[in-house]
Amino acid sequence: MLTITDLEKVYPTGDKALQGVSMEVDGNEVVSIIGPSGAGKSTLIKCVNRLTEPTSGSIVLDGEELTTLSKKELRKTRRDMGMIFQEFNLIERLTVMENVLSGRLGYMGSWDAFRRNFDDEDVQNAYEILDRVGVGGMENKRVDELSGGQRQRVGIARAILQRPKILLVDEPTSALDPETSFEVMEMLTEIAREEDIPVLINIHEVELALDYTDRIVGLTDGEVVFNGTPAELDENARDTIYRSGKSREETGTESQPQSQNESASSGISDASKEKSF
Amino acid sequence: MSYEGSTTWRKHDGRARALRYLAIVVAIAITALSWRALDIQYTFVVDAPRNLGDLLLRMYPPNLAYGAEILPPLVETINIAILGTGLAILISLPIAYIGAENTTPNAVTYALGKFLIVGTRSVNVIIWALFFVVIFGTGALSGVLAVAFRSIGFVSKLIAEGIEEIDAGQVEAIRAMGGSPLDVVVYGIVPQIKPAFVGVATYRWDINVREATVIGFVGAGGIGVYLDTAINFFQWSNVLTILIAILGIVIVSEVVSAYLRKKVS
Amino acid sequence: MGSADPERSGGYPSSWERPTVFYSKNIKYLVYGAIGLFVLWSAWELRPSPARLIGGADAATSLLATMFPPDFTPEARGRIWTGMVESIAMSIVATAIGVVISIPIAVMAAENLVPRPVYYVGRALVSISRSLHELVLAIVAVVAVGLGPLAGVIALVIATPGFFAKLLAEELEDIDEGQADAIRALGGSPVQVLLYGVAPQVIPRMIGLIIYRWDINIRASTIVGIVGAGGIGVTLLNSFDRYEYDFSLAIILAIIAVVMFGEILSAVARRRVQ
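Residue numbers (my numbering), protein chains in the order written: chain A, 112 to 388; chain B, -3 to 261; chain C, 4 to 277.
Rather than coming from a laboratory, the hints here were simulated on the basis of the structure. It is possible that some hints are incorrect.
Cut-off 35 Å, straight-line C-alpha distance, at most; resulting in silico cross-link-like pairs (DSBU-like, lysine-lysine) [to be verified]:
id, chain 1, residue 1, chain 2, residue 2
1, B, K259, C, K31
2, A, K187, B, K190
3, A, K187, C, K28
4, B, K110, C, K28
5, B, K259, C, K28
6, A, K187, A, K252
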């Protein structure tokens, strides 16, 4: 169970992306976050696994407070949070199999990781999950040879292979065409249910949220303005979520893929992270 | 444009055409002036083709027996290229790091990186060789250093471009899964810059084989030393043998380098 | 995930090997090992003695001490000017002659314009010209025609097709065949086809290439003097032979300035033409 309380995020530019957000994801619920662009949807998702550092507030996953974890503890806890990205964020020049198995990196020694010496059981599971997401037999293809829909399926397979306690999904379909979007959402929510994994999904298309999620959280200007079932999302609620969002100047926070990286060894400085906002 | 008033067809309108002719006239004038400045006696020019022909005739046939003798310096030439390229890469990695916009710590380091890249590139290998021969004496060591320093600008520039093109999303994904910093490098960064890296290394090596053939003229090792000696002792058939050998290793290394680059695209 | 459930995961292989560009993993390691050994062996062949490195450090210090400050006295400036003018003049003359020679070679090396045997001859000429370093050509030219700028010009002229004819041939291969066919259809001779069907398509690119090659020839013209083929390189070598390293540094700075100026000029000119 994921509990977010009074979460705030203020960017160095002074933009208040999140202003006291509180919400929960319980059991094997699929919860979607909707809202206009710039409302803080992506920021919220990325605060959970601290790809973006929250300014204040609390995030508790299965009894563990995430906001105060040290770097090392954070790495360990991140293994329990599968993430699916808008731009897939797969390692383009590696094979499908390496990408899926990279979901186990958190459990492997660096030397084994370097030699691609994966656990037998992980390999077996990887083959199975590739079949289930519908890209079976493509394990030796390089990701840059795949279509968008296939890439996102590989992205899902990678996240599932982590055997996470929660799936964080950031705009999974905005790089896909409408038909593929429905297929991918259908498959994602189905697998999550089968595997009993709760999902926090940030989504642009309200239709997809209505069709595939159990609960919808409406976010506007960094504040929760709606929290209810798809059935409760009436015209009125939509107006609150989207109309008031228009009054505020768009910051572009949502639309930019974040280019940040904290660890020095990864080669990208913190300076560039802050610049992109 | 109306065609009632004009009776002739023109390719261009008058002004552009005048400019074009002017440019051609100026170019010819500059060339003529340059020729005058060189102060070359006309008779020498007339004799030049015959002299070149004579020289080639004196060279023919190549001395095949000498081929075995020049094998060691040929290998040394290739070694100088390999080690020079390797050393250049080692020196270039930090320079590329500070010369890439997304990794450089601040504006000062960025400027320093750019300066080193441009500076080393502008000095020809033979000039570097002159310096290193003064410092370390004659021999392949000076050659390796000359080739390495000459290559730094080229190698750092291209690696820096490779680093600038990294997709941060792939790095983010590895971190999001709880990968260690080393995993981030091995999975997030290395696959992304590998083609650029291999491409730069093999391409530069290919260029450096060619460069390593000449540094011997100033004593910095390789086949150039033998070519210089053969010329000084008027051993023309040996000269031709060496020229053919140089042609051979340069073409072979070009083929090898092109093959490797294709494999890693 | 029901990973331990044999009924669901049954039938899936439990091992996976990354496909490699080599035929198998063993060959891959063998190739890497061989390359590693070769590099180590190269380094071993070269191993400098500690004495040499220490001596080198001393020599480097004294070299740097004599180099600074660079010698820019009026007399030195005069010698640099003379050498530099000669270099630049060499580069201009060599580019002009080199381009004239390169154009027929480029036509020969364009697959779409000439019969096969001619094409191979053209490619071979380009390859030979490309493979020999300007200095190798210069040292041979000096033997043939004696010391001085003529040898330098000859070296640069011979080096030009390797770059110019190669790139021009690529342009020629990219032309729109329809325009050439139109001239052929009108009964044009091969020369007419080249002049009216082909030339108009490549001339703007060709001018860009000429400027680019001139830029390269400037660089080369500053160094061919090191083997006696004229220009500022002669002045540079003399300064080294006389241990006038402060003058050497001045010359090198002048060379860098001229090379960079040429590079900027060429970039600007190419942008205007294309």
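Hints versus structure:
no.: 1; hint: B/K259 - C/K31; in the structure: 13 Å, holds
no.: 2; hint: A/K187 - B/K190; in the structure: 29 Å, holds
no.: 3; hint: A/K187 - C/K28; in the structure: 32 Å, holds
no.: 4; hint: B/K110 - C/K28; in the structure: 40 Å, violated
no.: 5; hint: B/K259 - C/K28; in the structure: 16 Å, holds
no.: 6; hint: A/K187 - A/K252; in the structure: 30 Å, holds
Checked against the numbered hints given earlier, this structure breaks only hint 4.
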